Structures are given as C-alpha cells and as structure tokens.
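Peer 1: Chains as they are written, first to last, in my numbering: chain A, 39 to 234; chain B, 17 to 115.
Worth flagging that the hints you see were computed from the coordinates, not collected in a lab.
One or more of the hints may lead you astray.
Here are some chain A residues pointing at chain B (derived, C-beta under 8 Å) [stated by the list, open to error]:
1. I74
2. L81
3. F95
Per the computed footprint, the stretches of chain B lying under chain A, defined by three or more beta-carbons under 8 Å from a beta-carbon of chain A, are [unchecked claim]:
4. 21 to 30
5. 34 to 43
6. 49 to 59
Keep in mind it's a predicted model, so treat the numbers as computed, not measured.
Beta carbons are placed, not taken as given, at the ideal position from N, Cα and C, and that holds for glycine.
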Amino acid sequence: MSDEPAFDLNGCLERVRGGDQSAARELVEHLYPLVIRIVRARLPRRVPEEDLAQEIFMKMFTRMDQYHGAVPFPHWVSRIAVTTCIDHLRAQKRRPEFRWADLSENEANLLDAVLTNENSAAPDDTLAAHELVHKLLGQLKPEDRMVLQLLDLEQKTIAEVKELTGWNTSLVKVRAFRARRKLQKLFQELQRRERK
Amino acid sequence: MNHNNQAWQRLVTAARQVRDDRDTAAPLGFSSRVAALAMERRSEGVGALLERFSWRALAAAVLLAVGGAATNYAMAPDAASVDEPPMDENEVIVVFDIS
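With the rest of the complex left out, here is chain A (with noise of 0.2 Å):
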C-alpha cells in the first residue's frame, strides 16, 4: 500500500476558488493522467496533446464557478475535455479519403481477412487492427466517430457515453445507430473498389 495521503479533492477546489495558484498546480497534476488519456484517444491530426490538454484545463478553471456538484469533479472534467476534441475535430473539416493504398500491408492484408473471411476469429495483428480502426473512424463525423469509440473501443455503457458526451440516451444510440450504418456502407465500398 501506498503512504501517500489521498488527494483531498474538494479541499483543493475551496483553495482553488480562493485564488490560490499552488491549489491550481495540485488539481492539474492530480487530473493531467485522466485528461490526457481521453486526448489521446481521441486526439484529432495536427493538435498537439499537450496543447489540447492545456485548453481542457484552461477551460475547467474557467468555468469552474459553474460546478455545483451535481456529478463527481473528474467526471465533470471529463465532459469538458470529450467536448473539446469534438470542436477540433469538427474543425478539421475535410477527413481524407480511405483508400487501399494508403495502407500498410499488414493493415491491408488484415482489411481483406475480416471483409472476406466471415468465420475468422480476432486478427492476430492487433497494432494494425488499432491502426485500421482509427483510419475507419476517421472517415465518420466527430460525433459519429466519438459514440463508436466510446461504445465499441472503449466498451462504455450508454449512460456512461450519456455522462460524457452530455447526449440523451435517444441520441446516444439513433448516433450509433447511424454511425455503424455509415461504417457498414464503407465496408461495401471498399469491398466493390477492391473487386475492381
């Protein structure tokens, strides 16, 4: 067991509040591992992670005043910093397009044993899977792309996608809904390119 004393989280938000910026050093310490493990999740091309937890944080102590409580401090936390990667991913725009030659061969040879082989257990090359999924979702809406990570990669319930997006339960799954439908057209056509 570790002697390390347990972070007294809401004494440091009443010092926080007070202006105290040592307070504000501890809770961005104690916070930065869960912050940055959602970034990089997440992280949209060209945003670098530190950059992108600096304005999570930036905006938690900003909007600070508007906690009461209502759910756990980090979950709060949470929600800012899901939140923003889907502004910047938004703001990327335009995804570029999916095409065979843009994958390695592993990533290739593993797109064609899943879309081919309907038997086949979980591909071996997990690095090449994790590549492959995160080029497939890519290619859908932030919105559309955050429900299937949280859902299928990160296996959260709907309520914890609830808690994190801000979403109603409705919304959660019609985005799910649409989101595997979009992927499955994507299979299809990169099935028919591939026959080509």
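Start from chain A and add chain B according to the hints.
Peer 2: What follows is chain B alone, placed relative to chain A:
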C-alpha cells in the same frame, strides 16, 4: 450488412488488445504554467469586472448630472421674465417719500 458489422466487431476486438503504455504524468512545468495562466486570467477577469462596473457607474453619474441640470434649468427663473420693480415700489422712494 451483418457480415460487415461482424468485420467491424472483429477489428475492434483486436484493437482493444493494444495497451497504451505511455506515461500519463504531467510533463515538467506543465502544471505550473497552466495554474499561473489560469490565475492570471482569473485576476484579469476580476479587474475587467471592476472596470466594467466603473464605466457603468460613470455613465450613470453623467446621466444623473445631465438630468439634474436639465431639471434645474427648466425650473430656474428666466432672467428676462423677471420684471423690474415698479418705480413706486422702489424701497428708497418709499422710505424717503420722494415720488
């Protein structure tokens, strides 16, 4: 459609196996920089608030001053309309009875 969905599920199942082992601690100086920026903006915010209220107070003071001047101007007797006292009511004439 179902086949494509299975393909997607197989891909994400494999992708989930990849663990991100990168360090999650804040880089050196990051927390201090962000905390300093946040506190600076906070004090700027208080200053800006005071400034805004000062301007509002000034505007209110100017309005009151103009309003007050206008009211008093309207109530002030018109210099031209003040009649000279008739000669027979001149106190010197009355006192010395020299009319």
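Peer 1: Go through the numbered hints given earlier and state which of them the structure violates, listing their numbers in rising order.
Peer 2: Hint 2 is the one this structure does not satisfy, whereas the remaining hints hold.
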